[in-house]
Each structure stands twice: as C-alpha cells, then as structure tokens.
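Trainee: If you want the building blocks of each chain, they are given just below.
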Amino acid sequence: MVALSQMDEGGAPAIRPGDRRARARGLRAGLAVLLGFVMLVSLGWGAADDTRVLAAIGARLGLAEASLRDITIIWDIRMPRMVTAALVGASLAVAGAVMQGLFRNPLADPGLVGVSAGAGLGAVAAIVLGGFLPAALAAFTGAYLVSFAAFLGGWASVIVLYRIATRGGHTSVATMLLAGIALGALTGALTGFIVYRANDDQLRDLTFWGMGSVAGATWAKLVAAGPIIACALVAAPFLARGLDALSLGEPVAAHMGIHVQKLKRIAVLTVAASVGASVAITGGIGFVGIVVPHLLRLVQGPEHRTLLPNAALLGAILLLIADIISRTVVAPAELPIGIVTATLGGPFFLWILLRNRAILES
Amino acid sequence: MKRFALTLAALAFPAALWAESYPDARSIVSIGGPVTEIVVALGQQDRLVARDTTSQYPPEIEALPDVGYMRQLSAEGVLSVAPDLIITRNTAGPVEVLDQLRAAAVPIVEVEDGFTPEAVVNAIRVVGAALGTHDAAEALATKTEADFAALASERAKGAAPAKVLFILSNQNGRLNVAGRGTGADGIIGLAGAENVMGAEFEGYRILNDEALAAAAPDVVLMMDRQEDHSADADTILSLPALAQSPAAARHGFVKINPAALGFGPRTAEFARVLHLAFADAMQAEN
Amino acid sequence: MLKATGISVRFGASTVLEGVDFTASAGQITAIVGPNGSGKTTLLKVMTGEIPGQGSTHLNGSDIAALSPVDMARKRAVLPQAGNVAFPFTVLELVRLGLTSGLATNDADHLDHLPERALSRVGLDGFGGRYVQDLSGGERQRVQLARVLVQIWEPMLDGEPRWLFLDEPVSALDIGHQLIVMQIARDYARAGGGVVAVMHDLNLTAMFADRVTLLGEGRVRAEGRPAEVLTDHALSACYGCVLRTNTLPPAGGPWILPQATGIHP
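Going down the list, the protein sequences come from chains A, B and C. Using our numbering, the first residue of the first sequence is number 1, and each one after it goes up by one. Using our numbering, the first residue of the second sequence is number 1, and each one after it goes up by one. Using our numbering, the first residue of the third sequence is number 1, and each one after it goes up by one.
One or more hints might be untrue.
Stretch-level coverage of chain A by chain C, calculated; a stretch enters the list once three of its residues show a Cβ under 8 Å from a Cβ in chain C [what the hints assert, rightly or not]: (1) 55-68; (2) 242-251; (3) 254-263; (4) 272-284; (5) 300-307.
No wet-lab data here; the hints were simulated from the structure. Computed from a prediction, not measured in an experiment: that's the story for all the values here. The beta-carbon is built from N, C-alpha and C at its ideal position, and this holds for glycine as well.
Just chain A, same shape as in the assembly:
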C-alpha cells in the first residue's frame, strides 16, 4: 500500500533545501519492502530448519499436505511470533517517539510515565503471588495472568501519574517526570518486597521476564493485546501535528492552534495502552523505543508526521531481526530478545552518537 501511494505521486520532486519529506517517503517505501522481506524470513527460518514452510502454510488452507508438527511450527509458533514481534516492535518505537515528542527530549522513553515500572510490578506480583489467587480466578486467567497483571500494572501507574501531574486542567510534564521518579522508586520497592518473597524458580522467571521474550507469543495473547496495540498505532499519526508543534514548547504549540492538554492526554494514554500491552506479552524489551526514533530523526528529520509511520516500520523490522537472532543463534535453546536488542542496540547507538556529536552538542 505504502509503496503504491509512493508511485502515484510520480515525477521527480523539485529539490527544496531543508525539505526532507521526499526522503522520508522514500525511506518509508524502502522500509515497507524490507519489513515484508524480514517477515518472510521470520516465517521461513527457525531452529526447526527442516520445516516444509510452504506445505505447512498451504495445509491449513486445504491446499497441501503437511505434518502436524510442521503446521504447528508455522501456524502456532512462528506466525504468532512474527506478528507479535512486528506489533510490539512497532508499538515500542512509536511509543518512544511520542514520549520524546511529548517531553521534548530525545532520551525520553515510556519508562518515564511509569509504564515499565508498573508493568514490572504487575508481572512480578503475578509470578510470585499468583499461587494465592482463588482457584476459580486462577483457572480463568490461567497462563495469561502475568500478561494481564503487567498490562494492569502499567496502565494503573500511568493513570496515577497523570492524575498527580494534572491540576486545574493542566498537566505539568515536569511534575509528571519527577512524580514518575518517585513512583518508580515506590514500585521498585514494592517489587523488591515481592521478589524477596519469591522462591528460586520464581526468581529465575523474574529474571527472564525482565530480559523479554517473544517465545510465549500465542494467538490467544495476540487476540487480547493485538487490538490495543493496533488502536494505539492507528491513533499515533493523529498526534503528529501536535507533537511537531510541541517541539517549540507548549505555549507556542497552543498559539499554533494545538489543544495541548488534549494532546498530552491522548499521547499518554496511547503510550500507556500500547506499551502496557506490549510489555504484557513480551516482558521488558529495551532500546527499541530510543534507538529507532533517534536514528530516523538523523536520516529524515524530526517531523512526526513522517517519523511516526517510519518508526513503526523500523521498530517492527528491528524486533523481527532481533527475534530471528534470538531463536536461532543458540538453537535449540534461545536467547531472551532483550539481550539481543541491547547487545546490538547499545554499540550501534553509541556509534551513531559519536558520529553525530557535532549536531547533538550544538
């Protein structure tokens, strides 16, 4: 779709100094193609390299014969993983870009509004205290208790922060930042207290949860979390104009016709929903939210109307690649994906920073 609309415009656009939109559109087309390619690789390549991919795809559609094992690998393991990695990558990158726009700081990440700390607390509580749930409730939530609790925790802490920072219809971003630090410390303490109660196995689970994984992706989780993430991704572009204006400061944005309070509310809720849902399925995955928008800003400029869609595409691509690495490099075991994103993202980010020192420090 993206590639097609690109072709409609046709012709060579006049070269206009300082206008990077054409470049952004070209980039978007390229990223869309790359995303398609990476998705195919993700579906076609894995630890079980003897899987007959095409036959397995065809089998569910009644077009071919394949073993139950192959069908399961393709349809119930790789596909939900692929979709989850793409959705979560897109959502983390877009949420990062939105937070950075909102806080007017290229280092902001969703953690600033308490999503991560809250989700962590929820997950820890579910892992450690899940056994104390009434049997009926435990049977109902089952394997999804951790995801559900993480989403709830992330969402709840954002709402609390937003309430604290809002007075007389005005939300102070600075208050939110500071209260976020306080709330982070508090949730950290609560988390620590619960961790203290954890047994050995639970401790291991907690450690792995913190490193993130797409391995537990299932259609059931996607059905629950996917629509939330998708809604947030669809809502994000509507924030673009406002976030662009906000680059000049809140008063200026208001003078330019932006309803700043509404913008802040929608941005915060969008981030809370999408990151909460993402963290719920995959645990903690760092770096995507900071690296992707930053990289794109260097290439195509800071305009959010082009930044947000491209961030979604690049975030999806990066997480898909990280997932492919995480599940093949130590096969048949697999690395937590958070380790892969941080290992690749850390040095890369440093390299970008050093290369662009002049711009950043001016």
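Assemble chains B and C onto chain A, guided by the hints.
Mentor: Only chains B and C this time, still in chain A's reference frame:
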C-alpha cells in the same frame, strides 16, 4: 477444559498406575536434571535426542543438544530436534510453550517434583512407565527404596542430629540460606540432621546476622562449586554472624555436590555421604 | 479590534496587573511599553490566552475564552521571546510548522511556497536547508518571525483583520534587522492586519508605533499616540530616571535621550 479433565484424572489415580507409556518413542527430550538421571539409570540414554540446561549428569549427557533453561523453553527449539516424547519435571515452562508442544502432538510426560524418598521412587516409576521399561524401573525403584531404608537405619544409629545451616550463596557477607520446602532441607533431613532454618521460613532467604547468630548451627553446609572463593570455610566461618557459632568452634564446614539439591536416583548416596560428613564434623568437637 | 477590559493577574501574593484596559485597532501598530516588571509580557500573554487572568479579552468581537485553540490560531499569531527548539529542525521545516493551524491563506496554490516567501520577507533567503541550531540568535528570532507570518499570512481573511502579537520582536537583532522587522510589522498593519508589540526600545516605538500604552507597576500610566505618551514627565515617572524627549526631523516624532547624571527625582 482438557487440562481440567487431566487434572481430575491425575487426582483420581495414583500417578504410577495411571502413567502414560510410550515404549516406541526413540527421540526423547528430557527436561530436568533428576529426570535425565533416571532415564540414564534405566539404561535408555540412547533414546535421548536433547536435554535442558539443568541436565548435566552423567557428563556424557552434555554432548546432547541443549534446549535451554527448563523454565524458559522455546517451542520451536524443542520441536527442531523432532521429539516423539518429552519427559519433564512438572515445574518446567513456560505454560504457553508446553501448550504449543502439545498442539504439535508431542506427548509430554510430567514428573512430580518433590524432596522425599517417595517422590524419587514415584519419579522412577513414572519415567519407567513412559519409557516402557517397566521391569528395569521396578528394579531401580526397589533398589532405591532399599538404599533409603539402609540410610534410615544408619541414621537411627547416629547421635543427636546436628543442627545444620545451608548457605546457598555468600553475597558480600550477606548469606542466602535455606528454609523448608527446599532440596537442601530435604537432603539435610535425609542425612539425619536438622535444618536450623527449617522451622523459620520457606524457600531461600537472605537473613540478618543476628538471626544467624541466634540459630547457632553446629555445621555449615554449602555447595561444592569450583572457583567460588566466597564459599571458603575460613571466609564463611569468620563472618561476624557465624564466628561465635558452634560450627566455627569445631570448624564444622561441609560441602556437597550441587546435584544433591535435586532429588533423583543418587539422592540416597548423597545423603549417606552427607550423613558421614556431618558425623565427622560433630566428632571434631571432642 | 482587540479589546481587553479589567485585566488583573496575581501570582501568589504579588499583583502583576491591576485592572488594565487595553484596546488596539486593526491597521495600526499598538506598542506596549514600560519598565521591567511592569507587566507588559503578562498583559500580552493574557490577551493571547496563554495565561488566565481576571477580566475579558475580545478579538474581532469574540471573547477569546470561548474560542478553540484552532480558531484562535487562525485569528492571531504570537511571536514569543526567544524559545528553544527541541529537535534538529531545518529552517524550512520549522517555518512550515506555521501552517499547522491550516488557514494561512485562502489561496491553496501558493500555500506550499509560503515558507520560502516568509523567509525571504525576513531576509533569510536561502536559509531553508540550514539547521535552526546552527543559526545565530538574531537569525533564529527572524526564523520564528517567518513561522509566525506563515501562520496568518493574509492580514485580512474573509473581511476580518488578523493579529500579530510580538513580544520584544527586535531584542536580539542588530540595528539593520530591527528596522527590517519593524517594517514588516508596519506593512502588515498597513495591509489591514493588527499588530500588538511589547517593546523595550522607546525610539523604535516612537518611530513605528501608531498607538502606545505605557504600563507601570501593573497599571496603565498613559495611552495615546507616541507624541502624547512618550513625554518627559510620564517616562521619567514610570522608568524612575530622568529622560529628555526631543523631536526629530523629518516627521517630528519624539526622540528619547537618557540623562546619565539624572536619577529621578
């Protein structure tokens, strides 16, 4: 719903009687150290195609592909070794991955975890049934029961039980010690000693120095890990919390094989060795 | 017509503005002058809806309290005192942000090229591709002015005047660019728009303003044509020092000369 029905069935029949059997399985993934040990003890290691990270005994087993830590399995990783049976401790996970494996029509036999002789014997029967090696399993179970019985009579001859403190780790002077419901607690009991923290709490805890001093253990027990200098006898026994304890006075410090914390076919032997070690340590007093 | 009535603002215990009435007409530059802390910028902020205050402000007959941000943005643009830009925008991208409210002009065809025309207007031809961060303070100030001009490019739209609010628009500029910027304001007013400017420089005010409001300690001290307001007595009382006003040819406007020796009274 299906799982609920299975749970009901499991409750209704003793596990060993009801246990599933897959005598034709030739590509087996074994998950959990004790489970793997039982498979090997039953002479069936040739049927294994992969193991998890916690399966490290006997050493030859480490040549098999490793499907990862037992609570963090990957469905595709396990499927990539094309198993026709998975035998696993019931604490393996994540649940979603086990569900995916079941969806791929790979039978999964779960072995109940436990820190008692009964749990070991039951595990041997369940694994034996799964492998279709009923006779070998019965023989091993009988032998294991006999080992435990011999251990019990040896225990009975011993003097008053030593008060043992199990230290999982020394984190810069802060000690992580075992309460009840742990493998350490189980093996200490089998060795005829008393876990000083057995009545205090469940699982592992980092304790404050005063509680440790008040516990006054006769013997300190730690895992025998190479290159772990924080676990030297002198280092541990000179910590303020333990310096005044009977253990420090008689230099009562014992190390065990880490494998002793997971209960399997070697448990009776581990317990016997430990029983002797405790007796030695207590002798040192006189 | 801009009409503010009974504007009072208090920050905690201190009163910044007390019952200020202010009017400005389209087609004119109306300057707000006064010493530091007299409430000039606060008055501007209340009238642009940036901060709340007692009293009411009507812009072209509409109470600004009842206008949505977008409606306001289509009626008036505001040039703030120097502010920072969060991300590495090029000059063109920043000026283009002026199109955010989406009603710069009714002529959609040349909308796309407004940023370049605005840049040319403020003397920054060919600066489109530069990074805002790399510019001098004065250049940045003019880039912001270009953005503000883009927002309300046509001084009259659908028979209504539009308004340019300038908060110390020339404070960072050299004398040549001061004149360029004030000339832009004058041209905007001559074309039917309204201009309200907070000014520090009394002589530029005397040269360009059609009307002047003199504030002192949160109250209106004088109001009228420059020659009526910028008098020895009013200025000396207000600024707390001895100021001498002369007239300069050719127009005979006032010219204010500070006296180095004289601290009032």
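Trainee: State the violated hints by number, sorted upward, taking the hints as numbered earlier in the document.
Mentor: Structure breaks hints 1 and 4.
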